[in-house]
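> If you're matching them up, the sequences are chains R and V in order. Residue 7 is where the first sequence starts when you use the working numbering, and the numbers rise one by one after that. Residue 297 is where the second sequence starts when you use the working numbering, and the numbers rise one by one after that.
Worth flagging that the hints you see were computed from the coordinates, not collected in a lab. Since the model is a prediction, treat every value here as computed from it, not as a measurement. Careful: at least some of the hints might be erroneous.
[Unchecked claim] Derived contacts from chain R toward chain V, CB cut-off under 8 Å, selection only:
hint, residue
1, L142
2, F146
3, F153
4, A157
5, L161
6, N163
7, L165
8, M199
9, V203
10, G213
11, V274
12, V325
13, I329
14, Y331
[What the hints assert, rightly or not] Keeping only pairs whose Cα atoms sit at most 25 Å apart, straight-line, the calculated SDA-like set for lysine to any residue is:
hint, chain 1, residue 1, chain 2, residue 2
15, V, K441, R, Q221
16, V, K516, V, Q532
17, R, K272, V, W615
18, V, K441, V, D317
All C-beta atoms, glycine included, are put in the ideal place defined by N, C-alpha and C.
These are the residues of each chain, in order.
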Amino acid sequence: MNSTATYEEKGTAWGKFVSFLNKIGFSPLGFFLLIILALLPNFYPFSEEYIVRWLIMGAFLAAQAVAFDFTAGYINIVNFGFAALLGLGAYTSGIFANTTPFLLFAPGLNPWLTIWLGAIMAGLVGFVLGILTLRLRGIFAAVMAWFVGIALMGLVNNLTELTRGPLGMNPVKFIETPNNLPYFYIILAMMVMIYVVLKLVVGSNIGLAFKAIGQNPDAARASGINPTKYLVFNFTLSAFFAGLLGGFYAHFFGSLTPSTLMHTSKTVEVLAIAYIGGRGSLWGGVTIAFPFVFFIEFLRSNLSSLPGLHLVIYGVLMVTIMIYYPAGFSGFYFWTVAKVKTLIKKNK
Amino acid sequence: MTNETSAAPMTTVNFMTWVKDNLPVVVVSVFSIILFVLVGLKGGAPQVFNVLVTGGMWALLATGLALVFGVMNIPHFAHGESFMVGAYVAYFTFTPINKFFLTTGSKFLIYSGPILAIIAAGLAGCVLGIIIERIIFAPLRHRTKEGWVMNAFLLTVGLSFILVNGTTLTLGPNFRGIPRYFDVPSLEFMGAFIAVDRIVATVIALITIGSLWFFLRQTKTGRAIRAVSQDETGAQLVGIDLDFIQTLTFSLATGTAAISGASLLFMFQAYPTVGLTPLYFAWYVVMLVGLGNVAGAIVGGFIVALLQSATQLFIGLSWQSVVPTVVMILVLILAPSGIFGSEVKGVQEQ
Numbered sequence: 007m008n009s010t011a012t013y014e015e016k017g018t019a020w021g022k023f024v025s026f027l028n029k030i031g032f033s034p035l036g037f038f039l040l041i042i043l044a045l046l047p048n049f050y051p052f053s054e055e056y057i058v059r060w061l062i063m064g065a066f067l068a069a070q071a072v073a074f075d076f077t078a079g080y081i082n083i084v085n086f087g088f089a090a091l092l093g094l095g096a097y098t099s100g101i102f103a104n105t106t107p108f109l110l111f112a113p114g115l116n117p118w119l120t121i122w123l124g125a126i127m128a129g130l131v132g133f134v135l136g137i138l139t140l141r142l143r144g145i146f147a148a149v150m151a152w153f154v155g156i157a158l159m160g161l162v163n164n165l166t167e168l169t170r171g172p173l174g175m176n177p178v179k180f181i182e183t184p185n186n187l188p189y190f191y192i193i194l195a196m197m198v199m200i201y202v203v204l205k206l207v208v209g210s211n212i213g214l215a216f217k218a219i220g221q222n223p224d225a226a227r228a229s230g231i232n233p234t235k236y237l238v239f240n241f242t243l244s245a246f247f248a249g250l251l252g253g254f255y256a257h258f259f260g261s262l263t264p265s266t267l268m269h270t271s272k273t274v275e276v277l278a279i280a281y282i283g284g285r286g287s288l289w290g291g292v293t294i295a296f297p298f299v300f301f302i303e304f305l306r307s308n309l310s311s312l313p314g315l316h317l318v319i320y321g322v323l324m325v326t327i328m329i330y331y332p333a334g335f336s337g338f339y340f341w342t343v344a345k346v347k348t349l350i351k352k353n354k
Numbered sequence: 297m298t299n300e301t302s303a304a305p306m307t308t309v310n311f312m313t314w315v316k317d318n319l320p321v322v323v324v325s326v327f328s329i330i331l332f333v334l335v336g337l338k339g340g341a342p343q344v345f346n347v348l349v350t351g352g353m354w355a356l357l358a359t360g361l362a363l364v365f366g367v368m369n370i371p372h373f374a375h376g377e378s379f380m381v382g383a384y385v386a387y388f389t390f391t392p393i394n395k396f397f398l399t400t401g402s403k404f405l406i407y408s409g410p411i412l413a414i415i416a417a418g419l420a421g422c423v424l425g426i427i428i429e430r431i432i433f434a435p436l437r438h439r440t441k442e443g444w445v446m447n448a449f450l451l452t453v454g455l456s457f458i459l460v461n462g463t464t465l466t467l468g469p470n471f472r473g474i475p476r477y478f479d480v481p482s483l484e485f486m487g488a489f490i491a492v493d494r495i496v497a498t499v500i501a502l503i504t505i506g507s508l509w510f511f512l513r514q515t516k517t518g519r520a521i522r523a524v525s526q527d528e529t530g531a532q533l534v535g536i537d538l539d540f541i542q543t544l545t546f547s548l549a550t551g552t553a554a555i556s557g558a559s560l561l562f563m564f565q566a567y568p569t570v571g572l573t574p575l576y577f578a579w580y581v582v583m584l585v586g587l588g589n590v591a592g593a594i595v596g597g598f599i600v601a602l603l604q605s606a607t608q609l610f611i612g613l614s615w616q617s618v619v620p621t622v623v624m625i626l627v628l629i630l631a632p633s634g635i636f637g638s639e640v641k642g643v644q645e646q
């Protein structure tokens, strides 16, 4: 999954395929794993409905981690209002697709259309958030995003005629089907799309500008990079995809409440995945999200007498990794690859 | 803030330049005074006392937050969990003690029960602070100082996650509360009835802030703490033990938060996520006055409480988290380093 590897066999069909994969951000190994993942629900025991549901949650979390890492790992601003932006997308989509008359507004549009409206809405707020955080750095930017998130959640809680507030609303589903498999492919496609688009962006000159701004905004400005443009662009794109994922959430689970969707603790869950996966890699969170969801759901279903244990483990892992291994899983992967390469060189 | 130099009668020109130099403070003060008068007119004495009670508590919480940030540069996200721990310790101390004291029938013992519970909570908070500092922050501090502010912030986020869910795991999600600490009728004051608990909570907040202030100003250790907050390297050069000062600061902050959690047990029942609202408001205060500004945090606590009361009165109870947030967003845009314009050891760069 690292695009830095060189392939001598360019020109052959395989070499062409590998360089194409590299261009869209996959190594051959990563692509192979993705195909396995896509085929997984067709085999027992992964074809069990509850396991497909876990896979969906894994992909949902993974996609969130990618969109989150796009801001946190590159421009070095922790978007603490991420969950609120996702919730905004979910609510916008849910409201536009709403057909029930008890709400103020019931246009009843097709959910396939409204998820994009939700994404655009979240993108607009992300644009505003980008402008608001322009003068701020580090902790101040994080706190600003956090406050905006709290304000958004309060707004959703209070506009009861539109959202039913804490009672929650029930948006229509994408497709009326008893099994979860179609939803798995929807979220998997979304995840791959988000990953490829963001990887293409960070692989271009824009990505270099992001990294420059993330490391030292003043130096970046001095070398001719306009931080305003890139910062706002980054926030808008990240928020856009957050909103899109929110739309999936709305039309998959079919139930939205502000506190289960927009709460700061939801941002923290994504943040933990992105950090354990490794900052600034985009794919680190994806590789961590699936085993994590399985592990945690396994704990939850087997230790139902101990509520919250899985979240304690989340926190302990995050703190341990932050202190002792800040590079995360992707850092570990690159370290291993480098080690193996030097070993091979020595033996030659 | 620094108005001591103008001993000579102030001329209009002088005054105008002073206003210009301290524009955010002036705007916020004028706004607060207008708001205070409006709240007083609409809500009367009960609302004014409400502002004083909550203001004292936010001030106490925010002082700890500001202290931790000023001395250790940690934006403390788990401060609300110290509040939560205080509430739990007070509950588990107060209930059995009160039961026992009631059997003795001695008035003195019954009235000292709550005080004992609050002191126990404060001590437990201090111990918890020492443990957290030694286990979590000391290793990171010794490892690297690079990107410290953000890393410390995320660590406290993880810590808050662990504490909240650890509490759910061990004690369950149930609410544990007491109806009141002091079983005496409310006092009448200017036509308003005020529960004794509230008065005691305010007094405790003021006493704690006062003793903290005295400690920081007048004692040798307190001066060492302030020295570290001004210049770490310089403090080390004159022989101050940095590790000791930082552990002490963290333990003081956790302890004061636990005290406020304990003394507000009659308002906020103890449950795992009880710390969230206090955390929000403590953060509003420190963002309003500037991160790390301990003196400002005391004033800011009352301003935020005023804003909260005004929102409740004029817009509605459910908006009380939205309106202050929006105001703080405005403050962050217009005056990112707070209305008093404090600068903390190069935080902007990290």
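> If a hint holds in the structure, say so; if it does not, say that too.
Evaluation of the provided hints:
1. Restraint check, L142 (chain R) versus chain V: the minimum CB separation of about 6 Å is within 8 Å; hint holds.
2. With its C-beta approaching chain V no nearer than about 6 Å, F146 (chain R) sits inside the 8 Å limit, and its interface hint holds.
3. Taking 8 Å as the C-beta cut-off, the interface hint given for F153 (chain R) holds, the closest approach to chain V being about 5 Å.
4. The restraint placing A157 (chain R) at the interface with chain V holds, with a minimum CB-CB distance near 4 Å, inside the 8 Å limit.
5. The interface hint given for L161 (chain R) is met, as the beta carbon of that residue sits about 6 Å from the closest beta carbon of chain V, less than 8 Å.
6. Checking N163 (chain R) against chain V by beta carbon gives a least distance of about 7 Å; that is within 8 Å, so the hint holds.
7. Interface hint status for L165 (chain R): violated, as the beta-carbon distance to the closest one in chain V is roughly 10 Å, over 8 Å.
8. With its C-beta approaching chain V no nearer than about 28 Å, M199 (chain R) sits outside the 8 Å limit, and its interface hint is violated.
9. A hinted interface residue such as V203 (chain R) counts as satisfied when its beta carbon comes closer than 8 Å to some beta carbon of chain V; here the least separation is about 27 Å, so the hint is violated.
10. Evaluation of the G213 (chain R) hint against chain V yields a violated restraint, the C-beta minimum of about 20 Å exceeding 8 Å.
11. With 8 Å as the threshold, the beta carbon of V274 (chain R) comes within range of chain V, its nearest partner Cβ sitting at about 6 Å, so the hint holds.
12. Look at V325 (chain R): its Cβ gets to within about 4 Å of chain V, closer than 8 Å, so that hint holds up.
13. The interface hint given for I329 (chain R) holds, since its Cβ lies 5 Å from the closest Cβ of chain V, which is under the 8 Å cut-off.
14. This hint is violated: Y331 (chain R) has a C-beta 11 Å from the nearest C-beta of chain V, more than the 8 Å allowed.
15. Of the supplied pair hints, the one linking K441 (chain V) and Q221 (chain R) holds, its CA atoms being roughly 15 Å apart against a limit of 25 Å.
16. Our distance criterion of 25 Å between C-alpha atoms is met by K516 (chain V) and Q532 (chain V), whose separation comes to about 15 Å.
17. Distance hint between K272 (chain R) and W615 (chain V) is fulfilled; the C-alpha atoms sit about 22 Å from each other, no more than 25 Å.
18. Proximity of K441 (chain V) to D317 (chain V) is assessed by CA-CA distance (about 34 Å); at most 25 Å being required, the pair is judged violated.
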